[in-house]
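**Student:** The hints should help you fit chain B onto chain A, whose structure is shown.
So the protein lines, in turn, are chains A and B. Those letters in the first sequence? Residues 1081 to 1344, per the numbering used here, in order. Those letters in the second sequence? Residues 473 to 728, per the numbering used here, in order.
To be clear about the criterion: a stretch of chain B counts as covered by chain A if any three or more of its residues have a C-beta under 8 Å from a C-beta of chain A, and this derived list gives those stretches:
# : region
1 : 560-573
2 : 591-601
Here are the simulated distance ranges between beta carbons:
#  : chain 1 : residue 1 : chain 2 : residue 2 : range
3  : B       : THR480    : A       : ASP1236   : 30 to 36 Å
4  : A       : ARG1092   : B       : MET632    : 32 to 38 Å
5  : A       : ALA1155   : B       : THR480    : 45 to 51 Å
6  : B       : TYR512    : A       : VAL1118   : 48 to 54 Å
7  : B       : ILE594    : A       : ALA1145   : 27 to 33 Å
8  : B       : ARG725    : A       : THR1108   : 41 to 47 Å
9  : A       : VAL1118   : B       : SER492    : 54 to 60 Å
10 : A       : SER1112   : B       : ARG725    : 41 to 47 Å
11 : A       : TYR1185   : B       : ILE594    : 36 to 42 Å
Since the hints were derived computationally from the structure, they do not count as laboratory data. Nothing here was measured: the structure is a model prediction, and the numbers come from that model. Every residue, glycine too, gets a C-beta built ideally from N, C-alpha and C.
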Amino acid sequence: MAATGGVKALKRRHVVAARLVIAGGLLTLWESLARSGVLYEGVVPQLAVIGRGLAELVAAPPFYANLQATGGEVALALAIGGGAGLLAGLVLGASRFLGRAFEPYLYYLGPTPKIILFPVMIMWFGTGPGSKVAMGAVSCFFPVALGVAAGMRRIDAVLIKVGRSFRADALQMALKIYLPAIRAPVVTSFRLGLGVAIIGVLLAETKLSNRGLGFMVIDAYARFDMPMMYALIIVVFVLAVAMNTGLSRLARERGGPSTPGAMG
Amino acid sequence: MMRALARTLRAAPGLVGLASLAGFILAVEALIRVGAINRYVVPLPSEVGAALPRIVAEEDVVGRFLTTAGEAAAASLLLAAVGIPLGVLLYRWRIVCVAVESWVGAMAAAPLVLVYPLFLVIFGRTALTIVAIGFVAGLAPVILNTLEGLRATRKVLIDMGRSFKLSHAQRFWKIELPSALPSIFTGLRLGLIFALINVVGVEFLINFGGLGQLINDLAERYDLPAMYATIGCVVLVSVLFFMGLERIERWLRPVA
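Isolated chain A, as found in the complex (with noise of 0.2 Å):
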């Protein structure tokens, strides 16, 4: 959110106004397309029926088992994919060496498509929920271990210096110089871990399942109940959306600017 001179210049009320006016576009022309009959029955449902479905979906308790069943196999991909991912990062990044010998590895297998795995992951952990969690924690660990080995080489060696005039022994060094200064690569990089864990886990559950948010997409689909199929894909990328934000402002407020682009 770079802003450049001219933007703050536009006032407050206009953007809103703006803002409001493209939504409303938007949603007329949603609803004109639903009305005009050019496409299918029901592939477009009209607005008043997606809130309906919307209504429904969150009114009623299985929502909640399968949000939880989803919630707690990313949580767990998150915590395994991530916690290895931290390690290999902070191993990856102190050691000049081993970072050149094996994060060119890690580097190219990052943005490889990871759902081709599940097969390996479901022979391994089984059709449960141990293969979805795998899939996450996969999906996962790559941008982490990425994202902290490049934090690492990224601390100012002046810190590192005044650690070690004030002869701090090496608990305190990692407590006082390397953590808080890589507490911001460290938060954006969980952000965007937290991201493809988040897919990894649902495509995982499209794709074979009998619980969870992405069970319920592609079981709305086999019903053809096209309004519960968009109440669930808002839900899903509010969800997202507001936790990328939430860990984005984490890294920006509390560990200074935040660290661009750890994918490269």
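**Tutor:** Below, chain B alone, put in the same frame as chain A:
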């Protein structure tokens, strides 16, 4: 003598990395042979290697690769044709940009690929669904990087354009766009990577199309060596693709 030593030292980390990879594969092979790893869960690496000619001859990996590449290419063309103009539009239209830039950012953070069942309903189980997902997944980085690049045009250049009394169009084509090109390419590179990831992923999920479908097929047939070999192929193809894009980008970027 010294120079040879220096060269060896510089290559050492890379060699260690390669050696570890080879060692890992050998260790897996050994562990399976002694029975520590179940060979019905993880096939022997040597069997996976031996399956390579088979997937080329019997499963038409090359043809499937071309299908996947074609879908990714179609999505990329759409990305360039729609994403870059949208970025330019936001750059020129200040108020809209301020209003929706954070929306585009939010779009980048949403798990967009989850809309694939929706696209299945709209486009059916066709290549169109796959291309559409690739397009949607890659759109945000293309828009945002185009915008970012245009914004970062150095003021000196714009002022120079003014002093030459260039028209708006001339200023755009001669100054702003060329100066934004490296950043636009960064956006395209990210967009292409997202498109490729999602194209293969959706092929696998909806069991249609190229390499992704083949993996699904082989998994359903429980042909483990061939499945692992195909996964290896996909990883290799994406890594090569990624490296190639990076090379082009480095070549495009002006020397600072």
